[in-house]
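A.B. asks: Below, each chain spelled out in residue letters.
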Amino acid sequence: MRIVSRLKQFLIRDRCDRIFNRVCNGRHPLHAILRTLGKLGCHQRAVAANFMHDPGISDDRELEFVEFFLHQSKGFFLSSIFKRRRAKRFHQSYQDYVKQRVQETPTPCFAERNNSGNVATRPTEPLMSVFIINGLSEMFIWAKEPHVARLSSSGEFQKALNRFRDYLNDASSLSSLDFVHQLMDSTTSRAEFLQIIGALYEVYRLRRDYHPIWLTKWSDFEPCANLTNDDKGDRWCHLVGVCNEKKKGQWVAVLKFDPEHLGTLYTPTVLDTKSSYYFPLPENGTRQNGIAADLRMEDRDPAAEYICQWPSLDSALTDPQLRCSRLMGTLHNGVQEVRRHHISKLRQNFSNSRLASDWLDRVTQDEVS
Amino acid sequence: MQIPATPVFDSWRSTVNSKLWGFRSHRQLQHWLEGYDLPPIDSYTEAHSWLLIAINDQPSLKTKLIAPVVKLLRACAKGDLKSSNLERLLFNLFYLCRHLRDAPLLWGPLNQVLEAEAAPARTGWGLRERRYHDISLITAFRSALTENQGDWRLEPVWRRMLTNQPDEILQGTPMDGFEGILGLPGNPNEFLMGWALARMTDYLDNSPFREEQFRELLRMLRARLDVQDWDFEVLALSCGLRRWSYESVGDPIGRVTIEYADVPRVEYMEAGKRAVVRLPLKYQSLASKVEPIIRQMVTDFQMVNLPDEYLRAGIQSAVPSLTKKLLPSSPNAPPNDASTEHLIASLPATYLTSKIEACLR
Chain A
1 MRIVSRLKQF LIRDRCDRIF NRVCNGRHPL HAILRTLGKL GCHQRAVAAN FMHDPGISDD
61 RELEFVEFFL HQSKGFFLSS IFKRRRAKRF HQSYQDYVKQ RVQETPTPCF AERNNSGNVA
121 TRPTEPLMSV FIINGLSEMF IWAKEPHVAR LSSSGEFQKA LNRFRDYLND ASSLSSLDFV
181 HQLMDSTTSR AEFLQIIGAL YEVYRLRRDY HPIWLTKWSD FEPCANLTND DKGDRWCHLV
241 GVCNEKKKGQ WVAVLKFDPE HLGTLYTPTV LDTKSSYYFP LPENGTRQNG IAADLRMEDR
301 DPAAEYICQW PSLDSALTDP QLRCSRLMGT LHNGVQEVRR HHISKLRQNF SNSRLASDWL
361 DRVTQDEVS
Chain B
1 MQIPATPVFD SWRSTVNSKL WGFRSHRQLQ HWLEGYDLPP IDSYTEAHSW LLIAINDQPS
61 LKTKLIAPVV KLLRACAKGD LKSSNLERLL FNLFYLCRHL RDAPLLWGPL NQVLEAEAAP
121 ARTGWGLRER RYHDISLITA FRSALTENQG DWRLEPVWRR MLTNQPDEIL QGTPMDGFEG
181 ILGLPGNPNE FLMGWALARM TDYLDNSPFR EEQFRELLRM LRARLDVQDW DFEVLALSCG
241 LRRWSYESVG DPIGRVTIEY ADVPRVEYME AGKRAVVRLP LKYQSLASKV EPIIRQMVTD
301 FQMVNLPDEY LRAGIQSAVP SLTKKLLPSS PNAPPNDAST EHLIASLPAT YLTSKIEACL
361 R
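Quick note, the sequences are listed as chains A and B, same order.
Note that the working numbering gives residue 185 to position 185 of the first sequence, counting from 1, and the numbers run on in steps of one.
Note that the working numbering gives residue 135 to position 135 of the second sequence, counting from 1, and the numbers run on in steps of one.
What the hints contain is simulated information worked out from the structure, not anything from laboratory work.
All C-beta atoms, glycine included, are put in the ideal place defined by N, C-alpha and C.
Careful, some of the hints might be misleading.
[Said to hold, decoys possible] With a straight-line Cα cutoff of 25 angstroms, these simulated DMTMM-like cross-link-like pairs (lysine to aspartate or glutamate) come out:
| id | chain 1 | residue 1 | chain 2 | residue 2 |
| --- | --- | --- | --- | --- |
| 1 | A | K88 | B | D10 |
| 2 | A | K99 | B | D42 |
| 3 | A | K74 | B | D231 |
| 4 | B | K82 | A | D178 |
| 5 | B | K71 | B | D57 |
| 6 | A | K248 | B | E216 |
| 7 | A | K99 | B | E129 |
| 8 | A | K39 | B | D10 |
| 9 | B | K62 | A | D178 |
| 10 | A | K39 | B | D42 |
| 11 | A | K248 | B | D42 |
| 12 | B | K19 | B | E87 |
| 13 | B | K19 | A | E145 |
| 14 | B | K19 | A | D96 |
| 15 | A | K256 | B | D42 |
| 16 | A | K248 | B | D57 |
| 17 | B | K62 | A | E245 |
| 18 | B | K289 | B | D262 |
| 19 | A | K159 | B | D202 |
| 20 | A | K88 | B | D42 |
| 21 | A | K159 | A | E145 |
| 22 | A | K99 | B | E87 |
| 23 | A | K159 | B | E216 |
| 24 | A | K88 | B | E267 |
| 25 | A | K83 | B | D37 |
| 26 | A | K159 | B | E291 |
| 27 | B | K273 | B | E291 |
| 28 | A | K74 | B | E87 |
| 29 | A | K39 | B | E291 |
| 30 | A | K88 | B | D37 |
| 31 | A | K248 | B | D37 |
| 32 | B | K82 | A | E245 |
[Stated by the list, open to error] Ranges between beta-carbon positions, derived for each pair:
| id | chain 1 | residue 1 | chain 2 | residue 2 | range |
| --- | --- | --- | --- | --- | --- |
| 33 | B | E291 | A | K159 | 50 to 58 angstroms |
| 34 | B | M220 | A | R150 | 24 to 32 angstroms |
| 35 | A | D185 | B | P104 | 56 to 64 angstroms |
| 36 | B | A67 | A | R150 | 36 to 44 angstroms |
| 37 | B | G108 | A | V23 | 58 to 66 angstroms |
| 38 | A | R84 | B | V227 | 50 to 58 angstroms |
Take the sequences, apply the hints, and build the full model.
C.D. replies: This is how it looks when you write it as structure tokens:
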């Protein structure tokens, strides 16, 4: 009997039953690909599981994504006999989709009608986001481009441009380490530098689209808000599911927003991010907000998460004294351990929802197989 | 709770290590530079950054990267690169080249790309017109050239950039010119760098952060070149750095103290690097006009180490003649002839410029 049940389990595992939480048949374009993807490594496995189980993708959005993938894969089917190559090609398409349709477009697809089911309930309390300043190293180069000075006549913008006159022509994140640290190390120059960044970013974001901003409720952040240890910045990142590996020495700042000053908020889905640390909101009948996986796996309620189009930094409050920190590179747990821990937390949170429990059972089956 | 290490990046680096073997390594490199299969850590760090972090502590990996980079550059020069993410590929390729700093292997292919860009038939990629994230690809290409110079052929281009004359092909700001000079092979001498610093003080003159920025340039210079024998105070005076920068290099003005005393002739004394010039009292009323000239002469003298008598005589002859021009002419004073007038009037300038031109050559 044990052999039969194990065989049944094997057969079930090998049949990709769901895509975007909907039962599918073997003719779905992603059917075999996702199973193969899941065997390529722990991060690809996380992505595959998200694709199979994320309940936030509408039929229309699924169609849009599949059409994108098939269009990109034109002429590719000669190699379709090689499963691993197919799965890798899928992964590339996925990365291209997020980059072209979500991140680097003035009209990200999470803001389109076919994602209206993910419009989140606007909270009544402030929201926060962890802003990695060194992530703007390309903006520092951009500030020296000849056409940039003509983009705005604002005195603040022109003054901000001066700050980068002597910046090396080096777009790598390594080159920004000393430069940013020099300016962020003292609280006096820090405040001025944050203003400079704000002034530049106001124009930069109109030239270079980048979405979404990821947000968390201030009340979820508050237990970490007043940490005094050196790696508090790392803790902030881990709380909201941001990996900080190889970011030692980079600076982060907490941005605080009044939700009224933000655009429409959405519950994120697998098609809105390339991160393998993203975990879908369980199927539970509502899409009020996402739930971020805590990379430190602490015994506390996970934080809510939202996405929206990047707002102006003018609407953000920062605290140069208390809410800026240099990352120490404190490591976090592996993606599969984080997912298992997150599932256990979700079981507690959704213990009253049968839908959510069944969903978590299905996901668990895939996580442990 | 002990948090175990997550080897996400290390796993990726192992993959890089294994995939850079073989004749198809350039295709794999192209794949990464186009933004695919990078470490799943964030979505804003570009491929060249990840590769640089990977080779940071693994010299053997750096060596492996050079060959596929050269292949891609040659393909770029020939117009053979095929990519649906061309701007991203080139952006990352050029910034990667910057850090590889291997002039013997990269200078040739980079020059081929430059020649293609400069060709009248526009056989290049039109790097000036292409942008990635609103940054011109010529900016990225310039960065690659700066750190991989195999000879001094671009030196005139960097010098023109330093005087705010962007190159027709390479464009560039004075800061790019400064980086270019700094990147010249065999290391530029102190006079060329002094001149470059002076141009940077011109460029930074109206920046609210100029002092801090100038200090950063000095720090960059000291980290990059062997400057322990350089006299920055002398360079400040002789190369014409702006006065606000003097504090960062020492006390150039204080090197030459000019006094007025009841003496019949010009006197000159040295104490270490400091010099004292004593002038007869009759020249005190013209201090503001003659002192800068004398400081310049003393500075030049200190640089070339001529005998004291030469300087004393030089000042003695220059100052009375200049003061003749500045004061109402005395009926008993013999007139200067035209050539002497011209020589006297231009003496400090020609002496200074001829000295600097000779040093720059």
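A.B. asks: The structure should be examined with respect to each hint, and the outcome stated for every one.
C.D. replies: To see whether the hints hold, each was checked on the structure:
1. The hinted pair formed by K88(A) and D10(B) meets the criterion: a straight-line CA distance of about 20 angstroms does not exceed 25 angstroms.
2. This hinted pair checks out: K99(A) and D42(B) have alpha carbons roughly 12 angstroms apart, not beyond 25 angstroms.
3. Restraint check for K74(A) and D231(B): not satisfied, since their Cα atoms lie roughly 66 angstroms apart, outside the 25 angstroms limit.
4. Note on K82(B) and D178(A): the hinted pairing is violated, with a Cα-Cα distance of about 36 angstroms set against a maximum of 25 angstroms.
5. The suggested pairing of K71(B) with D57(B) holds, with an alpha-carbon distance near 24 angstroms, which does not exceed 25 angstroms.
6. For the given pair, K248(A) sits about 23 angstroms from E216(B) by alpha-carbon distance, which is consistent with the 25 angstroms threshold.
7. Using a Cα cut-off of 25 angstroms, the hinted pair K99(A) and E129(B) holds, with the two alpha carbons roughly 22 angstroms apart.
8. For the hint pairing K39(A) with D10(B), the CA-to-CA distance comes to about 19 angstroms; that is within 25 angstroms, so the pair holds.
9. With a C-alpha separation of about 23 angstroms, the suggested pairing of K62(B) with D178(A) holds against the 25 angstroms cut-off.
10. Distance hint between K39(A) and D42(B) is fulfilled; the C-alpha atoms sit about 22 angstroms from each other, no more than 25 angstroms.
11. For the hint linking K248(A) to D42(B), the alpha-carbon distance of about 14 angstroms falls within 25 angstroms, and the restraint holds.
12. Taking the CA atoms of K19(B) and E87(B), the gap is about 23 angstroms. The hint holds against a cut of 25 angstroms.
13. Restraint check for K19(B) and E145(A): not satisfied, since their Cα atoms lie roughly 36 angstroms apart, outside the 25 angstroms limit.
14. The suggested pairing of K19(B) with D96(A) holds, with an alpha-carbon distance near 22 angstroms, which does not exceed 25 angstroms.
15. Under the criterion of a C-alpha separation no larger than 25 angstroms, the hint pairing K256(A) with D42(B) is consistent with the structure, at around 22 angstroms.
16. Distance hint between K248(A) and D57(B) is fulfilled; the C-alpha atoms sit about 15 angstroms from each other, no more than 25 angstroms.
17. This hinted pair checks out: K62(B) and E245(A) have alpha carbons roughly 21 angstroms apart, not beyond 25 angstroms.
18. Between the alpha carbons of K289(B) and D262(B) the distance comes to roughly 20 angstroms, so the proposed pair stays at or under 25 angstroms and holds.
19. Taking the CA atoms of K159(A) and D202(B), the gap is near 17 angstroms; set against the 25 angstroms cutoff, the hint holds.
20. This hinted pair checks out: K88(A) and D42(B) have alpha carbons roughly 19 angstroms apart, not beyond 25 angstroms.
21. In summary, the hint linking K159(A) to E145(A) is supported, as the alpha carbons are separated by about 15 angstroms, within the 25 angstroms threshold.
22. A distance of roughly 14 angstroms separates the Cα atoms of K99(A) and E87(B); the hinted pair therefore holds under the 25 angstroms criterion.
23. The suggested pairing of K159(A) with E216(B) holds, with an alpha-carbon distance near 19 angstroms, which does not exceed 25 angstroms.
24. Only pairs whose Cα atoms come within 25 angstroms are accepted, and K88(A) paired with E267(B) is rejected, the gap being roughly 83 angstroms.
25. For a cut-off of 25 angstroms, the pair hint linking K83(A) to D37(B) stands: about 17 angstroms separates their Cα positions.
26. Between K159(A) and E291(B), the direct Cα distance comes to roughly 36 angstroms. Violation of the 25 angstroms bound is thereby established for this hinted pair.
27. Using a Cα cut-off of 25 angstroms, the hinted pair K273(B) and E291(B) holds, with the two alpha carbons roughly 18 angstroms apart.
28. In summary, the hint linking K74(A) to E87(B) is supported, as the alpha carbons are separated by about 22 angstroms, within the 25 angstroms threshold.
29. A C-alpha spacing of about 81 angstroms is found between K39(A) and E291(B), which places the hinted pair above 25 angstroms, so the restraint is violated.
30. Between the alpha carbons of K88(A) and D37(B) the distance comes to roughly 9 angstroms, so the proposed pair stays at or under 25 angstroms and holds.
31. Restraint check for K248(A) and D37(B): satisfied, since their Cα atoms lie roughly 22 angstroms apart, inside the 25 angstroms limit.
32. Simply put, K82(B) and E245(A) have alpha-carbon atoms about 33 angstroms apart, too far for the 25 angstroms limit, and the pair is violated.
33. Taken as a hint, the range 50 to 58 angstroms is violated for the pair E291(B) and K159(A), whose Cβ atoms sit roughly 36 angstroms apart.
34. About 29 angstroms separates the C-beta atoms of M220(B) and R150(A), a value consistent with the hinted range of 24 to 32 angstroms.
35. A beta carbon spacing of about 39 angstroms between D185(A) and P104(B) contradicts the range 56 to 64 angstroms that was offered as a hint.
36. A hinted range of 36 to 44 angstroms for the beta carbons of A67(B) and R150(A) is consistent with their spacing of about 42 angstroms.
37. Taking the beta carbon of each, G108(B) and V23(A) are about 59 angstroms apart, inside 58 to 66 angstroms as hinted.
38. For the pair R84(A) and V227(B), the supplied restraint of 50 to 58 angstroms holds, since their beta-carbon distance comes to about 55 angstroms.
Checked against the numbered hints listed earlier, the structure breaks hints 3, 4, 13, 24, 26, 29, 32, 33 and 35; every other hint is satisfied.
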